[in-house]
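**Q** Working from the sequences, and respecting the hints, build out all of it.
Residue numbers (this note's numbering), protein chains in the order written: chain A, 1 to 132; chain B, 133 to 691; chain C, 692 to 883.
Just so you know, these hints were derived from the structure itself, not from any lab. From a predicted model like this one, the values you see are computed outputs, not experimental measurements. Yeah, the Cβ is synthetic: ideal placement off N, Cα and C, and Gly gets one too. Mixed in with the good hints, there may be bad ones.
What the hints assert, rightly or not - Covered by chain C, according to a simulated footprint, are these stretches of chain A (three or more residues, beta-carbon under 8 Å):
#, region
1, 19-25
2, 80-93
Unchecked claim - Between beta-carbon pairs, the in silico distance windows are:
#, chain 1, residue 1, chain 2, residue 2, range
3, B, 309, A, 31, 43 to 53 Å
4, C, 734, A, 100, 28 to 38 Å
5, C, 777, B, 621, 15 to 25 Å
What the hints assert, rightly or not - Chain B stretches covered by chain C per the calculated footprint, using a threshold of three residues with CB under 8 Å from any CB of chain C:
#, region
6, 278-285
7, 296-310
8, 329-339
9, 368-376
10, 466-474
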Amino acid sequence: MLTLATASEFSHYVPLAVLLVMALIFGVANLVLTHVIGPSRKGKVKGTTYESGVNPIGTARRRFNVRFYIVAMTFLLFDVEIVFLYPWASVFSSLAEDSGLTPVFLGRCLFFILTSIIAFAYAWRKGVFRYD
Amino acid sequence: MTLMGEKLATIGPEMVLSVGALLCLFLGLARSARVRHATPLIAGVSLVLCIVGPMAWSAARPAAPGEIALVLGLAATPMAAFLKITIASIGLLLLLVSYRTPDQLPQNIEIERSGAAFDPGQTTRGEFFAFFLMSLAGAMLCAGADGLVWLFLALELTSLPTYIMLVTTRQSTLAREATVKYFFLGALAVAMFLYGFTLIYGATGVTQLYTTPVTEGLATVQSVVAEWRQEGQPLPLMLLVGMGLAILGISFKIAAVPMHLYTADVYQGATTPMTAFLAFVPKTAGFASLVLLLGTLGWPLPEPIAAMLWIMAVLTMTVGNVLGLMQTSVKRALAYSSIAHSGYMLVGLLAGSAAMEAGQPVVASGIAGILFYLVAYGVANLASFGVLGCLKRQGEEAETYQDISGLHHRHPWLAAIMLISLLSLIGLPPLVGFLGKIYLFAPAFFTGEPAMIWLVVIALINSAISAVYYLRIAAAIYFGQPSEEVERDEQTARMTGSGIAATAAVVLGLGAGALGLTDMLAKAADQPGKVLIQPADTDGDEAASEDRSNIPSATAGRN
Amino acid sequence: MLLLHVQTVGSSEGWVTLVLFYLFAALSGVSAWALVLSPNIIRMAVYLMLTLAGVAGIYFLLGAELLAAVQLIVYVGGVLILIIFGVMLTSRNPYLNVAPRGGEMALGLVLATVLAVLLAVAVLAAGLPEAAAAAPDDDRYAVRWIGALLLSRHLIAFEVAAVILLIVMIGAGYLVRRRIKANQAGATEGRS
Numbered sequence: 001m002l003t004l005a006t007a008s009e010f011s012h013y014v015p016l017a018v019l020l021v022m023a024l025i026f027g028v029a030n031l032v033l034t035h036v037i038g039p040s041r042k043g044k045v046k047g048t049t050y051e052s053g054v055n056p057i058g059t060a061r062r063r064f065n066v067r068f069y070i071v072a073m074t075f076l077l078f079d080v081e082i083v084f085l086y087p088w089a090s091v092f093s094s095l096a097e098d099s100g101l102t103p104v105f106l107g108r109c110l111f112f113i114l115t116s117i118i119a120f121a122y123a124w125r126k127g128v129f130r131y132d
Numbered sequence: 133m134t135l136m137g138e139k140l141a142t143i144g145p146e147m148v149l150s151v152g153a154l155l156c157l158f159l160g161l162a163r164s165a166r167v168r169h170a171t172p173l174i175a176g177v178s179l180v181l182c183i184v185g186p187m188a189w190s191a192a193r194p195a196a197p198g199e200i201a202l203v204l205g206l207a208a209t210p211m212a213a214f215l216k217i218t219i220a221s222i223g224l225l226l227l228l229v230s231y232r233t234p235d236q237l238p239q240n241i242e243i244e245r246s247g248a249a250f251d252p253g254q255t256t257r258g259e260f261f262a263f264f265l266m267s268l269a270g271a272m273l274c275a276g277a278d279g280l281v282w283l284f285l286a287l288e289l290t291s292l293p294t295y296i297m298l299v300t301t302r303q304s305t306l307a308r309e310a311t312v313k314y315f316f317l318g319a320l321a322v323a324m325f326l327y328g329f330t331l332i333y334g335a336t337g338v339t340q341l342y343t344t345p346v347t348e349g350l351a352t353v354q355s356v357v358a359e360w361r362q363e364g365q366p367l368p369l370m371l372l373v374g375m376g377l378a379i380l381g382i383s384f385k386i387a388a389v390p391m392h393l394y395t396a397d398v399y400q401g402a403t404t405p406m407t408a409f410l411a412f413v414p415k416t417a418g419f420a421s422l423v424l425l426l427g428t429l430g431w432p433l434p435e436p437i438a439a440m441l442w443i444m445a446v447l448t449m450t451v452g453n454v455l456g457l458m459q460t461s462v463k464r465a466l467a468y469s470s471i472a473h474s475g476y477m478l479v480g481l482l483a484g485s486a487a488m489e490a491g492q493p494v495v496a497s498g499i500a501g502i503l504f505y506l507v508a509y510g511v512a513n514l515a516s517f518g519v520l521g522c523l524k525r526q527g528e529e530a531e532t533y534q535d536i537s538g539l540h541h542r543h544p545w546l547a548a549i550m551l552i553s554l555l556s557l558i559g560l561p562p563l564v565g566f567l568g569k570i571y572l573f574a575p576a577f578f579t580g581e582p583a584m585i586w587l588v589v590i591a592l593i594n595s596a597i598s599a600v601y602y603l604r605i606a607a608a609i610y611f612g613q614p615s616e617e618v619e620r621d622e623q624t625a626r627m628t629g630s631g632i633a634a635t636a637a638v639v640l641g642l643g644a645g646a647l648g649l650t651d652m653l654a655k656a657a658d659q660p661g662k663v664l665i666q667p668a669d670t671d672g673d674e675a676a677s678e679d680r681s682n683i684p685s686a687t688a689g690r691n
Numbered sequence: 692m693l694l695l696h697v698q699t700v701g702s703s704e705g706w707v708t709l710v711l712f713y714l715f716a717a718l719s720g721v722s723a724w725a726l727v728l729s730p731n732i733i734r735m736a737v738y739l740m741l742t743l744a745g746v747a748g749i750y751f752l753l754g755a756e757l758l759a760a761v762q763l764i765v766y767v768g769g770v771l772i773l774i775i776f777g778v779m780l781t782s783r784n785p786y787l788n789v790a791p792r793g794g795e796m797a798l799g800l801v802l803a804t805v806l807a808v809l810l811a812v813a814v815l816a817a818g819l820p821e822a823a824a825a826a827p828d829d830d831r832y833a834v835r836w837i838g839a840l841l842l843s844r845h846l847i848a849f850e851v852a853a854v855i856l857l858i859v860m861i862g863a864g865y866l867v868r869r870r871i872k873a874n875q876a877g878a879t880e881g882r883s
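**A** Below, the structure written as structure tokens:
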């Protein structure tokens, strides 16, 4: 038997659920509506990527330069960083108040942030962000 | 000192290494070539500080009776203290061996030669030493881990830098292939032991492995298991599956069957000093983690885990030695020997401290055996790869039997170092390998169980098999035809490192007891994770929110 | 058949939880199958996204809100992007088909079955201990609980995590920078 302890009070999620449903309806409705009421013309020019823009060079299905990877990587690192900062931020004020050790708890978090500053200083010096 | 202060003080050596690593990182990018060349010196100084610092600390602050741990300084557990000193010492030798590694890379040679402006984008010197220190710090953190979260992060900290070091220290397709294999199998292994950790947490409800001053009074995996055992309950299957997965995952780090498949290719693909690094650091971290994990279950281990480890030990020894016999490359043969030695160490892990309780001497602790063997294997492995790294055939690294053939006639000292390390790997007296094997196999023998005695017999047969290929290498060195094409690389530091390692193999083999090593081992193996520091003022508050500590000074020194 | 016993913490909205649980479980399970069976690597990534999102939903149901948010932000949002980037950066054709051979398929199937059976038996036999299920009284503040633990008992783990992030960042920057130069060198060689 599997016991599942759950939180059953979802009332504070109602706005989220409404948002999700609205997003779904908006997306689906747009697709359906353009299909139903939009004019349907087909042709060589109509089928190009940018109908009234620049002619694309080659296809999109090619290998990309590896330097873009650092962008994705940086994004992910900040993502993780924020994940750790959020619990800290939510508890900091009460912890600091209770214990009277504000600098201690601030310092622990500053050290955490410091590492990413170091990483960026390094990457800067190394020229990672130079796109030449 | 307060509780949190104590906890931070336990990771003093790691902090020193981290600071050293950051210094290396930034000074490696300095405009002045002289500053850039100081990076290995900084790495060396921080390692020396890790060895001397704790000793000076304990000398300055005499330990009260009962504060046994502080004899070795800052470490929380005696096992961690022993391993940290070991890692720092062998790390220092590894640094000597790989001191010139970044200098030999084409792009670094180019930078130092050209009179043009220094391009920080190209150099790799500072990073190499930074990653080197970080990986060592990770291994040290593993040894001192008190919880699953910490252990996982420490294992990651050990391996992440090695991936990058592997691919950047040698420019060849072999190295790239090796890195890809190492990285992907490593990722698989991480997934496995992480899953194992979650199951352990699921079964016990706690992530803490052992009690520390900070977590006093809280449940730990060890206390939960002990309670089950006291009540005579069978251990839940979830815990056993979790442990099994964790062992399988960590067996990647120690290169044991079934996660050994990468070993030969990676060790061959890596540049030789890097191979020495890979054969020691992750292995130490892995065995420390295994001892800590299995220590929560206590010895004798539960049937299924013991059976699994038994099979793994037999397969690891046999696969390592039999395949080692068939290699034409010395480097690959030594890689398989690394697998085989993990198999021997698994024997010690299986025996654990089971025999200790039966009133046997200290030698009867398998944990002591593992810790000692890590030193024994560490020095012998370093010496053999170091010698190999000193040789070049037409600019390429030497690795076949032909390359080392007749080495004795051309470079008698290198040949002697190699011979000592090979004999130590075989386990011949009076070298350290002999003592190591006694420490490993005796505990298994003392348990008196037929399965364990068979295991010892298999291990001894395997040692005999291994002698064949070790002696083949020795024979090639002493009786082979010298090859004109093979030259000695001008590597004083590398030779010195190997020489010191070989000397250590002799000295430790002759006088492990006289040097106090056995006493240290006895303490270290007493009980993994057992904390001997008595906190000065235990205010007994709940650690989560009532943590009254004096951190600012400690925190300030950490970056 | 798995018997599901729902322990409601508060009011009698147990069936909502149950329905949502099966919804998310089905989403994860079906997408996981599709992920394994799909030969197209980009589609695999999309199915992976659905699997991860379903798991996030289950975290929500368990009251582990921070974990759910992390799952969505880091895995669904971040790691997945990284995977797709990885595909775009490495393969000549990102729409590459990867179909496993029969032997690989069989081996994978056997291993997966063994693991699944073992885990199922282990989980069913377990009877979760109270500590694992015991969320703090007010789950809306679980985040603060985690924050307090990170700052005290798991402080070292917290800071080590920071150091690992540092290493990852340095490693990535370092490797990418090298390759940029290598690419440029290759390009100039090609031109001359």
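**Q** The structure should be examined with respect to each hint, and the outcome stated for every one.
**A** Checked hints:
With 0 residues having a Cβ less than 8 Å from any Cβ of chain C, the region 19-25 of chain A misses the three-residue criterion, and the hint is violated. Check on the region 80-93 of chain A: 12 of its residues sit with their Cβ under 8 Å from a Cβ of chain C, so the three-residue criterion for coverage holds. Separation of residue 309 of chain B from residue 31 of chain A is about 46 Å and conforms to the stated range, judged on CB atoms against 43 to 53 Å. Between residue 734 of chain C and residue 100 of chain A the beta carbon distance is about 56 Å. The supplied range of 28 to 38 Å is therefore violated.
At roughly 38 Å, the beta-carbon separation of residue 777 of chain C and residue 621 of chain B lies outside the given 15 to 25 Å, and the hint is violated. With a cut-off of 8 Å between beta carbons, the region 278-285 of chain B has 4 residues touching chain C; three or more are needed, and the interface restraint holds. Only when three residues or more bring their CB closer than 8 Å to a CB of chain C does the claim for the region 296-310 of chain B stand; here the count is 3, and the claim holds. Coverage of the region 329-339 of chain B by chain C holds in this model, with 7 residues showing a Cβ closer than 8 Å to a Cβ of that chain against a need of three.
With 5 residues having a beta carbon nearer than 8 Å to a beta carbon of chain C, the region 368-376 of chain B meets the requirement of three or more and the stated coverage holds. As drawn, the region 466-474 of chain B meets chain C at 0 residues by the rule of a beta-carbon pair under 8 Å; below three, the given contact is violated.
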